[in-house]
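Peer 1: Sequence:
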Amino acid sequence: MATQVPAQTQPYLSDSAASPAAGARKLPLFSVFLAHISVDMQTSSLTVLLPLLLASFGLNYSLAALIVSVNNLVIAVAQPLFGIVGDRKPMRWLMFAGAMLCGAAMVSVTLLPSYWLVLVAVVLSGLGSAAFHPEGLSAVRAVSGDKSASGTSFFFFGGNLGFALGPFLATLLIAAYGTPGALGMIVPTLLATGALFLQRRAFGAHAGVAGSRLPGAATPASRRAFWLVVFLLALIAVRSLILSGLQTFIPLYFTGYSDLSKERIGAMVSALIFSGAFGTLLGGPLSERIGRRNTLCLAMLVVLAALFIFLRSEGLAQLIAISLAGAFITMPWPISVVMVQEAMPNNVGLAGGLTLGLAYGASGLGVSLLGGLADVVGLPAVMTLITLLPILVFFMSLFVPERPGAQRHMS
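In my numbering, the protein residues as written are 1 to 411.
Rather than coming from a laboratory, the hints here were simulated on the basis of the structure. On a predicted model such as this, the values are computed, not experimentally measured, just so you know. You may find that some hints are simply not true.
[Stated by the list, open to error] Ranges between beta-carbon positions, derived for each pair:
{"no.": "1", "residue 1": "Leu-388", "residue 2": "Arg-223", "range": "30 to 36 Å"}
{"no.": "2", "residue 1": "Asp-259", "residue 2": "Leu-63", "range": "32 to 38 Å"}
{"no.": "3", "residue 1": "Leu-172", "residue 2": "Gly-58", "range": "24 to 30 Å"}
{"no.": "4", "residue 1": "Arg-223", "residue 2": "Pro-113", "range": "51 to 57 Å"}
{"no.": "5", "residue 1": "Phe-308", "residue 2": "Arg-223", "range": "38 to 44 Å"}
{"no.": "6", "residue 1": "Leu-398", "residue 2": "Leu-66", "range": "38 to 44 Å"}
Built from N, CA and C at the ideal position, the CB exists for glycine as well.
Can you make the complete structure from the sequences, with help from the hints?
Peer 2: Structural data, given as structure tokens:
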């Protein structure tokens, strides 16, 4: 039987949020938000460090790419494992330790004397990221109450913002101070972990909530719940592939098939990434107003139209189109994560680890497959395929239940 969420976990974004108690509940959420920014800033800054490592160790492109691949693989594999551990015994200290390890290990890569030590450092950084995400997502759910979609949106907004800011900040620091400037990337980590430390007692008060049964949640042993999770993970994988495919192939496509400048192409990719950050912020609240299925379907229709315009326009219209696509591609992300958590109410940490790990894994594997396909059929055909993938996600979204208890539509 599902238990009631304790009074202390009532929604941080409720109408009573103006009260001192409700205001105090926002502080733990904001500290996790800051930590998520710092963690994903470190991960995304790795690509900016590659040219330095390439020159320092005389690497070929394969060895340089392996550094990023190892980091992503560790994150993808380790996140579900940390989620399982967190479900058995919530360990909020992993947020602090994970964020610190992720940052300290990543900034150390420019100081290390050998390529193999660099690989060790990115493995440790990946483990730190993997430790932070499931526990952070579980903590956000615990303090968000019945506004879990909004809380999750805010959490992912922080992550996407970090991914967008990481390369930008690292580039500025290196341009200003040379290779030693990369050490400045530790400052956001220190600030964020300091905020987490100040809220440690608040997290302790909510430590047991995430693993408890949630109102309206599905029976975890149910076969229908299992197939719902599989279905949602497939939906997440395809959606992640759309975004990673665009980020990877837009520069290649427009470099080879247009006369656009590198600055213009870079502006399109930046618009895609930054608008995606704000899309995650909007998805949760919108789903609480018009429903999850409607939000998912609406998002994919907008993405389909925006990508159609993007490939057939130029100038400001093209920039607006890719910005709309970025915002609406990421909009379903927090909603999907919350649904997986609700389908696995006794394994919220594992649910978070699976969804986050799958996003990394699907992006890496999917982009590799699309790259191989581009070698066979050409890059324009692959870009067309990417722009048509929202149709698949749209039809998948039609079968998404509003709540886990509505799984009968999928049987």
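Peer 1: Compare the structure with each hint and give your call.
Peer 2: Hints, verified against the model:
no. : hint                            : verdict
1   : Leu-388 <-> Arg-223: 30 to 36 Å : 32 Å, holds
2   : Asp-259 <-> Leu-63: 32 to 38 Å  : 33 Å, holds
3   : Leu-172 <-> Gly-58: 24 to 30 Å  : 27 Å, holds
4   : Arg-223 <-> Pro-113: 51 to 57 Å : 54 Å, holds
5   : Phe-308 <-> Arg-223: 38 to 44 Å : 39 Å, holds
6   : Leu-398 <-> Leu-66: 38 to 44 Å  : 40 Å, holds
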